[in-house]
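Asks: Given next are the chains, with one letter for each unit.
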Amino acid sequence: MSFQPVKFYQTGTFTVGNRLLPPEERSVQAQTKRFNSINSGHRACQGCGEALGARYAVDAAMEAANGQLICANATGCLEVFSTPYPETSWQVPWIHSLFGNTAAVATGIAAALKVKQLKGERRDIRVVAQGGDGGTTDIGFGCLSGMFERNDDVLYICYDNGGYMNTGIQRSSATPPAARTATTLAVGDEPGNLFGQGKFVPAIAMAHEIPYVATATVADLRDLEAKVRRAMAIRGARYLHILVPCPLGWGTASHETIRIARLAKETGIFPVFEAEHGELKSVLAIRRPLPVEDYLKPQKRYAHLFAPKARLEVIARLQQLADRNIRRYGLLEGN
Amino acid sequence: MLKQIEGSRAVAEAVALCRPEVICAYPISPQTHIVEALGEFVKDGTLAPCEFINVESEFAAMSVAIGSSAAGARTYTATASQGLLFMAEAVYNASGLGLPIVMTVANRAIGAPINIWNDHSDALSQRDSGWLQIFAETNQEALDLHIQAFRLAEELSLPIMVCMDGFILTHAYERVDMPTQAQVDAYLPKYEPRQVLDPAEPVSIGAMVGPEAFMEVRYLAHAKQMEALKLIPGYAAEFREVFGRDSGGLTHTYKADDAETMVVAMGSLLGTIKDVIDEMRAAGHKIGVLGITLFRPFPIAQVREALHGAQRVVVLEKSLAVGLGGILATNVRMALSALPIDVYTVVAGIGGRPITMRSLHALFREAERDDIDPVTFLDLNHDVVDKQLARERSTRRSGPAAEAILRDIGVVAAKVAQEVR
Numbered sequence: 001m002s003f004q005p006v007k008f009y010q011t012g013t014f015t016v017g018n019r020l021l022p023p024e025e026r027s028v029q030a031q032t033k034r035f036n037s038i039n040s041g042h043r044a045c046q047g048c049g050e051a052l053g054a055r056y057a058v059d060a061a062m063e064a065a066n067g068q069l070i071c072a073n074a075t076g077c078l079e080v081f082s083t084p085y086p087e088t089s090w091q092v093p094w095i096h097s098l099f100g101n102t103a104a105v106a107t108g109i110a111a112a113l114k115v116k117q118l119k120g121e122r123r124d125i126r127v128v129a130q131g132g133d134g135g136t137t138d139i140g141f142g143c144l145s146g147m148f149e150r151n152d153d154v155l156y157i158c159y160d161n162g163g164y165m166n167t168g169i170q171r172s173s174a175t176p177p178a179a180r181t182a183t184t185l186a187v188g189d190e191p192g193n194l195f196g197q198g199k200f201v202p203a204i205a206m207a208h209e210i211p212y213v214a215t216a217t218v219a220d221l222r223d224l225e226a227k228v229r230r231a232m233a234i235r236g237a238r239y240l241h242i243l244v245p246c247p248l249g250w251g252t253a254s255h256e257t258i259r260i261a262r263l264a265k266e267t268g269i270f271p272v273f274e275a276e277h278g279e280l281k282s283v284l285a286i287r288r289p290l291p292v293e294d295y296l297k298p299q300k301r302y303a304h305l306f307a308p309k310a311r312l313e314v315i316a317r318l319q320q321l322a323d324r325n326i327r328r329y330g331l332l333e334g335n
Numbered sequence: 001m002l003k004q005i006e007g008s009r010a011v012a013e014a015v016a017l018c019r020p021e022v023i024c025a026y027p028i029s030p031q032t033h034i035v036e037a038l039g040e041f042v043k044d045g046t047l048a049p050c051e052f053i054n055v056e057s058e059f060a061a062m063s064v065a066i067g068s069s070a071a072g073a074r075t076y077t078a079t080a081s082q083g084l085l086f087m088a089e090a091v092y093n094a095s096g097l098g099l100p101i102v103m104t105v106a107n108r109a110i111g112a113p114i115n116i117w118n119d120h121s122d123a124l125s126q127r128d129s130g131w132l133q134i135f136a137e138t139n140q141e142a143l144d145l146h147i148q149a150f151r152l153a154e155e156l157s158l159p160i161m162v163c164m165d166g167f168i169l170t171h172a173y174e175r176v177d178m179p180t181q182a183q184v185d186a187y188l189p190k191y192e193p194r195q196v197l198d199p200a201e202p203v204s205i206g207a208m209v210g211p212e213a214f215m216e217v218r219y220l221a222h223a224k225q226m227e228a229l230k231l232i233p234g235y236a237a238e239f240r241e242v243f244g245r246d247s248g249g250l251t252h253t254y255k256a257d258d259a260e261t262m263v264v265a266m267g268s269l270l271g272t273i274k275d276v277i278d279e280m281r282a283a284g285h286k287i288g289v290l291g292i293t294l295f296r297p298f299p300i301a302q303v304r305e306a307l308h309g310a311q312r313v314v315v316l317e318k319s320l321a322v323g324l325g326g327i328l329a330t331n332v333r334m335a336l337s338a339l340p341i342d343v344y345t346v347v348a349g350i351g352g353r354p355i356t357m358r359s360l361h362a363l364f365r366e367a368e369r370d371d372i373d374p375v376t377f378l379d380l381n382h383d384v385v386d387k388q389l390a391r392e393r394s395t396r397r398s399g400p401a402a403e404a405i406l407r408d409i410g411v412v413a414a415k416v417a418q419e420v421r
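As they're listed, the protein sequences go chains A and B.
Residue 57 in the numbering used here sits at position 57 of the first sequence, and the numbers go up by one each step.
Residue 50 in the numbering used here sits at position 50 of the second sequence, and the numbers go up by one each step.
Chain A extracted, bound-state conformation (with noise of 0.2 Å):
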């Protein structure tokens, strides 16, 4: 491809011209000869922000491990989506076991491959291991615990939807409060899911100090892609949560799936950053601060914050939690 410098932002869009850059630092998506290590041609709904965020994700991680990657894969929407049989769309070796245990699966695989190189009969391979948020935040959690704990040499990566979209969207542990699903539906005195404790899985990766934990969203691809290839470079247990908005879930339009990312990213209701070995060493900082309502108003799985009647004191609670955030990460001065 040859190199045109050209104009680096389009005015009034998030689009980040990839052109302007020098050709080897130009994103894997850009590049020709990319692996494809999922094809197109599979089932997911149109603006699915999974089948977007496994795209990237897994094809930087095959650039950065030369092609020698093994993936494991949660039951959820991205298996079922990608395999009915024969119309596979994996282009690396692929296995799917079950719904809760695909860290250990991983864990299994990577210790296969270190004996098998030991003996000279494999080269060096790496391993992703990847589920939603219900395959990692709730029925996969002991597995990922376990392998964060052993420091077992995986790449983990959790495509956050905030629910079971394959089931039918129902409420995970990942699920935001207030949000409507089908198990927590907008009826009664307080509509919705309700304010629990919150489990957000990358700090909980984070006290587990591990060697490398980083959020991102499919709003900042390159950041994305710069986050898969620092986790490849590094030994160990590692961890990646992406947020991926779901059309269907969210109740959003198809082609709002990155506006809406970058939103949540916006509004702090969603902290993007990096921490190694426990402690945070980057966030992504938010270039011009908005109120949760305008992430939260393009949504229907919070349409009944906003009418029949506003309910103000619950929108209150939603941007106190994204205050924290700002607050906690350091979100409007970067780093």
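None of these hints come from the bench; they were simulated from the model.
Take every hint as true, because none was put in to throw you off.
Pairs of lysine-lysine residues, derived as DSS-like cross-links and limited to a Cα-Cα distance of at most 30 Å, are as follows:
| hint | chain 1 | residue 1 | chain 2 | residue 2 |
| --- | --- | --- | --- | --- |
| 1 | A | K119 | B | K190 |
| 2 | B | K43 | B | K3 |
| 3 | A | K116 | B | K224 |
| 4 | B | K286 | B | K255 |
| 5 | B | K43 | B | K190 |
| 6 | A | K116 | B | K190 |
| 7 | B | K255 | B | K230 |
| 8 | A | K116 | B | K43 |
| 9 | B | K43 | A | K119 |
| 10 | A | K199 | A | K297 |
| 11 | A | K297 | A | K309 |
| 12 | B | K190 | B | K230 |
| 13 | B | K224 | B | K190 |
| 14 | B | K255 | B | K274 |
Keep in mind that this is a model prediction, so the values were computed, not measured.
Given chain A, work out where chain B should sit, using these hints.
Replies: Below, chain B alone, put in the same frame as chain A:
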């Protein structure tokens, strides 16, 4: 080499001779000594290269084994009881994916009430999981069966449970003949997986399969298990050639010629039964025994052949199909379809209740007179049960049953001492 060692240690040494590449372990009695020993061999470098992974649950143990086996490594784990149930979802997954994992099940009861002692409820609860299941009678057989298990599992691409009675075998010090590394290497070829996760030849494993192919995939698992029935006798014969002793196989009979009464059992209980039969034969009773080594696939033809000449069959089993009677007995009945033979189910020794020669003498004599119930509970304390039933009839809030029964029985140690006297 002859050694006087604990059963668990013997199994661990035999497993180590099979050169496993990944071992995962989670503690549960009574299998713990096996993985403790293997952990020692890996840590001190005796067994290398091998990865020993201390996982956080049995569910993780089987899941690590799935990943490791799918990546082409020879993989071993061990469990028992609650542990086997906790990993059950992954147990079915391992066989569904066709991964030749070898797992020792140190047979133990399933709670509630919690009970660490031996019976076969754990392994038999997984009888339809698609795993091959073999039961060891002695510690020698337990260690021999593990060597055969790797060969069989890897040939068929099916996982296998080697079942050995918890405590009775795992914790018993017995003399065993430990094979040499050269013997095991001569018997057990290098593992060549049928499917492997390999960037050089990427495959998708574990894809969703719909109604158009699910039945065919499941039938294939059944067909492969049936193939084991043909392979095992050959492997046992080859084992004899290399190691110079009989071990394994499908079934074994003892003093079965002209037997009018045939006893059927699995595991270490066979030793006690054989002693009783020796004494009864000496006293002129026409009684023999059929030991079942291979429980899955169930050797229907061999069981039918061994039992068809008997007048009655007494299935002595350490398991209970609640609401039906026996599990082993149900399988034996299927093998005897349409034959005019009475099959008695005797539930014995569950939760570690001692099965004494005295009780067996009485039981077999009653059976010879056809004077036992179709489903009999050996040495059941009817008084205690009746008392509890009466209590439940008279009082709505009768409280937790197990605790009430224990209270009625009194000091447990004294009771056990009285039982074994």
